[in-house]
Every structure is written in C-alpha cells, then in structure tokens.
Amino acid sequence: MQPQGEVKTIFQKSGQERSDAILRRESKLALGGQRTQLIHSRGAEPPPHAGTDVLTRGPARPKTGRAPEQVARRIVRPMALSAVLHQAFLLAVLFLRASQSEVLGESFQLTPAGLTVSLQPKLQQVNLQWTAAGLTHQEVNGVFQIEISRIKKSNIIWVENYNATVKQNQTLHWHWKSDIPLECVTHFVRIRAMVDDVRYPPQSSWSSWSPWREVREHVSVKPDTLLIYPEKKLFEEGSNVTICLMYGQNMNNVSCKLQEEPIHGEQLDSHVSLMKLNNVAFLSSTGTNINCQVMRGTKKTFGDVLFVSKVLEEPKNFSCETQDFKTLKCSWEPGVDTALAWSQQHSQSYTLYESFSGRRELSNHRNSHNWQITEKSQETYNFTLTTENNLRKRSVNLIFNLTHRVHPKAPQDVTIETISATKANMTWKVQTYGDKYTLLCQVELQHEGEVIYEHNVSVHMSANQLLSDLEPDTKYKARVRCAGANRFWKWSDWAQETFSTPEAAPSQPLDVWRQVWPENGTNAVALFWKPLSNSQANGKIKFYNIVVENQDKPTKPEHYSIRAPSTVIKLNLDRRPYKINITANNSAGASPESVMVISNDSGHEEVWEKRIHGTKDGFRISWEPVSGDALGYVVDWCEHSRGQYCNLQWEKLGPNITSTIITSDTFEPGVRYDFRVFELSMQQNARLIERQTGYTQELAPLENPNVEIKNLTSNSFVLSWQNYSSDSQPGFIKGYSVYLKSKELQCHQNWERHLLPGDSVLCIYDINDPEKKTLTVENLQPESLYEFLVTPYNSAGQGPNETFTKVRTTDERSFMLLQIILPMTFCVLLLITLCYWKSQWVKETCFPDIPNPYKSSILSLIKSKKSPHLIMSVKDCIPDILEVINKAEGSKTQCVDSGKLHTEDAPTKSLSMPPEKDSSGPVPCVFFENFTYDQTAFDSVSRGLIPEPLKDIPHQLGLLATPDKLLNVLEKDYMKSLVESPTEETSLIYVSQLASPICGDKDRLATNPSLPVHCSQYKRQMAVPGSLIPPSLKENNSLTSTILLGQDEQ
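Residues in the sequence shown are numbered consecutively from 197, following my numbering.
FYI, nobody ran anything at the bench for these hints, they're computed from the structure.
Every residue, glycine too, gets a C-beta built ideally from N, C-alpha and C.
Careful: at least some of the hints might be erroneous.
Claimed, not checked - Simulated DEER-style distance windows between Cβ atoms:
id: 1; residue 1: W690; residue 2: L558; range: 30 to 36 angstroms
id: 2; residue 1: T611; residue 2: D631; range: 23 to 29 angstroms
id: 3; residue 1: F739; residue 2: Q918; range: 46 to 52 angstroms
id: 4; residue 1: E613; residue 2: A760; range: 27 to 33 angstroms
id: 5; residue 1: R838; residue 2: T972; range: 32 to 38 angstroms
id: 6; residue 1: S729; residue 2: T614; range: 20 to 26 angstroms
id: 7; residue 1: R838; residue 2: E974; range: 39 to 45 angstroms
id: 8; residue 1: C842; residue 2: I1016; range: 55 to 61 angstroms
id: 9; residue 1: R838; residue 2: W1033; range: 53 to 59 angstroms
id: 10; residue 1: E427; residue 2: R492; range: 23 to 29 angstroms
Let the hints inform the model, and build the full structure from the sequences given.
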C-alpha cells in the first residue's frame, strides 16, 4: 500500500527525446527484431508501460533506461570489418528511420471514459469499470493510472498503474481492497491513461484526470449506539486487521478488549476511531470476541466476533498409483483444517484436474481420491491438485507414466511345507499384469523378530523358495512381497505364514558339575547340570537319564531318571570311585553322554582358603597349575552362607588358562562368595587345587554381638560374645572395639582415652584378633556404674552405634557377706527338703497331735525310780477344755451352758441309778473314756472292730458310792497297777466329769422329765488303768462315753 500523501509524478518528453527513442527502437528491430525499452534522459517522463501488472498492489516504479551513448556502443560495436561496412550499416539505419516515421504517422490520445465505482463492504473492496473513449485502432496497449484518496481528496493513499490491452468498445475492470472498513470513512477515486505500445508513436503526456468519484457506504448511527466494523469478517491467521468504531451521540470514553486483552486505537474524527491489530492469531474455531464498554453514562456493552482462520497449507506428498490398471488412487497430506464453526467458513475443498483429458473431479475426501481409468487409456497423466477456501487457493502439480506407478497387490495362497527338521518349501501366487510385465518378489525368513534369511525371486504367476539350514523345533515366520521388476515404484503389502520345524535329538552334551561332601560315613554327591539352549536341545527336554557305575568292582549300574526341568540330583555313594553318565532326552532321542568321575578322596581335600577382593565387575580368580597334563580347569562358586545347599555355579576353562574373571548378575555387595578351582585329569577326575573367598564390595557390619557379663566382682567383670558369628557379616571382620564409659578420669593401660561432655570419660580398647571374643575389664571401683558397648569393624567401617549397656560393680563387704550367706542358704534349703521328705516321721517324733504316754520318757523314769510320788495326781489335773477325738454314731445331747446351746454327738447309753438318801432325785453325770489313750481300744480300732452298744455295768466299781470315793478307789488301783504292770502293757483310760447345766437325752433319761436335770461342774480328770476297767467296759471299749448317775452331784 502507498503511504498517505505520496503522489506519483509524471514527466513529459521532449520531441527530440522521442525521436531518439524511435531511432534506437528501430535500430534494435533491424538488428534482431527484438523489443527494447525506451530510453529517456535524466529528468524525462517514464514510459507509459512502466508500473505494475494487473495483480500488482502498490505504486508504479519507473524502469531505468540506458544512456544514448551506451545504446550506441551496444549497437555499433567495434568490428573487424572494414570501415566501408560500418558506413553502409549507418546508412541502412537512417533509411529505416525515415521509412518508420512515414508508416506510424501521428500519435493519438488514450482517454478513459464512463468511470463507475461500486462497493462490496463485506470484502472491503472497491470495484472500478470504464471504457476507452475515441479509440480509432483495433487494439492498443495502454497504462491506466488510478489514484485513491481517503477522507479528503488531497489525502492520496494509493496510486497504481494498471497495464491493459484496450480494444474498441471494451469495458475494463479493476478492484482495490481497503484496509479500513468502507462504512467508516469516505474514499475518492480518479483515473487517467497513456498509450504504451511500440507499434504507435508514444503519447506526449497523460490524459486528463477523470472527475473524483466519492466512495462511501452510508451508515447511520443512532444515539447511544456503538457500531463495530467489520462485522463477522473472516481473516487469515497472521493478517493485520483494522477495527473501526463509529459512535452515536452521547457515546464517549469507550474501552475495548480482544478476548481479555485491552486494545487501543486512534481517533479519526469525533465519531470514528480505528484500532489496528497486527498479526492476529487463531484462538478458537468459534471466533475471537471483541467487547467494548462505554465507561460513562449508560455503561452499555457492545461486541463483535472476529473470525480468524488458520492459513491454508499446500498439499504435501501428492502421488498417484494403480494396482490393476483400472483405478488410479491419488493421495496427499492435507495439512491443517481451516474450517470454523461459522457457517461461512467450511473445510477446504480439493479438486483434481487432468490437463491432457481435461477432466476435473472434486474429491469427497480430504486426503485421497480414486480416479477411474477409461478404456482408451493414456500412458501419461498430468494432474493438478487444488485446495481452496474462502480466503485463498493453493495448487500442486504431478506428471507421471502409468506403467511407472504400479503398486502390486499382496501375494496370495502362501503355503509352507516342512521337509525335515532343517528344511521347508514355500510357495505363493501373484496377480498377473500381462506377459511382458514381470514382478520382483522378496522373501524373508524371521526368527523371534529378527530377519535371518532374505532372497529375491522374479515371478510372472507363481513361485516357490526352498528354506534350508533351519533349526529343529523352532518357530519361524516367512513372508513375501512383490514390486514391478521393470520400473520399481512400491513394494506390495506383506503376505506371511508361520510354521515350526519338527524336533531332533539334542545335538550337544550337558554341561555337568558336582559337589561332594562326607555324610554319615558315605559321600553325598550333588550333581548339577545346565539346561540346553533351544538350538542345542532341538526340542522340549522331557527327562534326564543318570547311570552310576562302580569302577572298583563289576556291579549292575544304577539308573535314575529325573523329569525336566529339574537340574540337580543328590546321590549317596560309598567311598569308592564311580563313573556317572548323564544324558538329556526329548521325543526324538538322547543327547551325547556327559561323563563325571567321583574318586575316593573327592570331598575330602584339605586346601588352605585364600581371601580375595572383588570389584563391581566381578572377581579375578588365578591359580598355579599342579600337573602338566591337565585336561582343563573348573571354577565353581556360591554364596558362603548357603553352604552345601547353595545355587552352585561353575565355569569350565581350557588347559592353558590359569586365570579368569568371574562375572554374574547375581553378585551383590555385602555378600560373601566362595570359589573353588578344580583341575580335570585325562580320566575326567576333578582335583581341588584352590579355595578362595571374598566380597565384590564389603559393607560395614550390620549388627553388634550380644555380650554376656560374667564374673562380676567389685573391681572387674568379663565381657563375652562367643556366639557372635563373624562369617555371616557383610565383610571380613578384622577385630572389635570395646567402649567403656565411667565417671573416672583415667583409663587403664592399652585403653584409648576420650573426654566426653558431662565429666565422663570414654575408654576404647581395640581387639585386632577377630577370633578373640572375650575381654576382662579390671581395676574398677567398687559400687561404680559403668557403661560398655562392643562393636565389630572391617575395612568398610564399624558396626551400628547402639545403646550402651550399664553394669554396676559390687561392694566388697557385700561380697564377703555373700560368701557366708550362700552356704547357709544352701544348708537351710537342704534341711527343709529332708524335712519335707520325712515330714510324717518328724511329725510323729517331734510334735504329735496328742502325746502317747507309752512313748513318753516319764514312764521309763517311773520304772527306774520306783517312786509313785513322781506321778502327777489325778486330783491336780483340772482341764478347762474337753475335746472329743473319736465319735461313734449315737443320739444327740443338748447341753446348755450360760444360756448357749451346744450340740454334740453322744454315743452313750444312760443308766438310771438309785439316788442316795440325801438326794431328791436322780442326778446324771457323764463319764468319758478316751480310747486314744487306751492301747487296747487303739489296737481294737486298728483291727477294724465295730463298736457295740454299751451293756449294763455291774456294781464292781461301786457306782452307788460318791464320786470322791470312786476317784480314790480308782487312783489307788491305778497307782498299784503302774507298779505291778509293765509300761508297755498298761492301758490308760481317762475318766472325767463334765460340767454342764443340762445334760442328757430326754428320751433316754429315766428321771422325771418335768424336772430339769443338772450336772455338777467339771471337777477332775484322771487316767484309769485298763486293768481296772470293768469287763463290761472292756468288751464295749468302742464307746466314747457313758452317763453315770450319782447322788452327790447336783
């Protein structure tokens, strides 16, 4: 666009310059008949045809010419010809000039007429049309200069030179697009013309300007209204857009936003302002909102939608091909879809145009189209693919030969026939395209996704291919594709088939190894073998056969069969040499034998173990050969902690190798591994020559030992951790650190001293022998508190820092007292144990329930002294409590004492005795006989005698006498019997009187029941010899008591 105020200046030619131009033009025609530009001197008017063509949008630019002397040098060149020829050439030029002037005649004026202007506001476009007035020639080339002004006529914003061929009565058209909506401002248009044709004399000057035509789309704005233009205008992404605001009355101070971003503009006049948006972006298919709000007054909101479409892209990868010479399938990449939700912008359309046939077809798809080939087929096609939308149009071109664009269909009827475990035959068919058209087919054989075989075959209709060197029991995929052999365009799709070869016997022997150790006087042999790979197994291994032969004496071999996938077997063999053969078996056969020899001393070799240090990459194992005729070497290894039941791994090496690097994905830091090196003899006998152990990376110990405190005294104690296993730690234990904390300020010799906060001292003792697991801590203070901690250490660091254990030394006096108390306590416990064991004997001996007079030492004393005065008088024995020990079945007697009711068993029989003279009635008395002290009664009871009822008592005892008299008689006879009878044969019977206010059984008493029966209070108790007991009492000594009726007791 031309900036405002820029005006194109037109210069006029002088007559002399016009003559020089004609001369030079004719000279050019004479030399080559070619068209040349008019040359004008500096400051002259540019030629009429200078400027832009019909599609040009911008000011015309005059073409620069050459100076006359330059043209002269170009026409009249120094030549090798003679000067005569040069003069002849000049004369010819002058002649042609004179002739041309006569032919052309006088120049004429080209003037535009009938200028009309129309508007297309939606497109913001101004359309002009006019005619050439007074044109006397059939046609002439002319240039039309058009000027456009905005707001006022002097404000020229656009100048353009439009070149056109003008014919008689022809209407010319031109259009211009405004960057500002036409509703907002007024435009003015005018036009003039000039002849620009080499066939006619040049026009001396421009024609006169046509009158100004005013261009305006009249819009009336109501008060309190804001109009926004353009309305629902479609723009392409990246365009520059000018928004026009037209204000009605009372509309001031308007603020606008594009979506949420504020936009600002410039004021053209009091009712129009412009806002320029540069490089607008695509935000949404529904459009971009413009919202304007009046900040004063009504504060109304006005808006518009700006539709921004994505840029239409040129189709990419445009190509056409055929599979059957009947249809051309054309395809391309369409690019982004420029469709919007607005009904005025749909997806771009795609059109195919073939120039040779003139056919044009609109595609129904965005990325492909099928073009039908006619019967009169042409070999060459020239396609133009055009895509367009409402904003622009883009095209791509493609020209090709039909036979060069053949894309064959995939092969058909692919079959594979297995010939053997290693061979197969593949056949297939292809679509024919005539005898002269040959296809090239590519055969591929894949195994586990990898191409292992590839071959090309030329095919007309069908073909076959032999597939050899296959692996037994292996799954393969064979596929084939074809393309034109004469002119390659594209491969067809793959046609494939999978197949499997049959099984074959295993081709390799097993890799076998063993581990031997003594067990219960025999050799325990664990055989290990590695599974065969698929290429070695040639099928699925079903079982393993093991044959064990004794080499010392001919015996029948032992056969074992192990089902797959087991890879280990344990055998118990005596200490003799054995030969073991192992084979792997599948459905097709057995593998070659693997031989293992077990010698007499296998598993009993004594070899010193060497420590090694590994790296993250593994272990380097080296050894010295023992014999010079070794068949090879075997290095095996496993985890140290697993012992004999570890997952044994091994590697077999040749006879010339004495070192190797063992690597494994299972190696872990902090795990100890044991390695053994065996030498294999020619007889397949394995001899242990090296033991090595180590870590790939040592780690600090994981746990501290559990320490026991022993021999605790007042000035020492012993720390012991004998149960601590150093082999299970994640590194080689080098020693132990013993930490001792106390309030003492000094450490003993060989202890390292560290001062701690709080006036404590830490003493550290280093034990650099990992096998020493005890330490005696001496020279301690009595009754003092100490804290200790024992941690192991290795090359990676020390064990965990755990809580210290507290211990307090004893007191010296307490220790001495303890030496005395412990033996005494032991003796007391021993005595209590013996007493408990002999508890019955101790009870009977030391404290019986009731003393036995016969076992009393008093009786023996009486015998020895022969003095009755030593015996306690019965009269003096006045007990206050009477306890009945033995009771027999009998009636109950109720006794009332001091108002209390007592119930006792009274196995008695009441006897009615005549009262004395002084007595007013019968008086009952109670007589007790305690058979516990009656040896005869005791023996009777022990013999199981059953008590019988008491019979009538005769009057031997003088029962009618008074109690005092009775007691005297009994005492006298009792003392006599003690002297005469031996102690062992004397039976003592205690006779007592019981005091009770009311005694007896009312049912049994012979007295008057209406009178209360009273007994005297208890007077005395005496022991009656058994010899004085009446016979009737002796016979009925099972009774415990007898009721006596006396007269004197009231």
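Could you check the structure against the hints above and give me the numbers of any it violates, in ascending order? Checked against the structure, no hint fails, so every one of them is satisfied.
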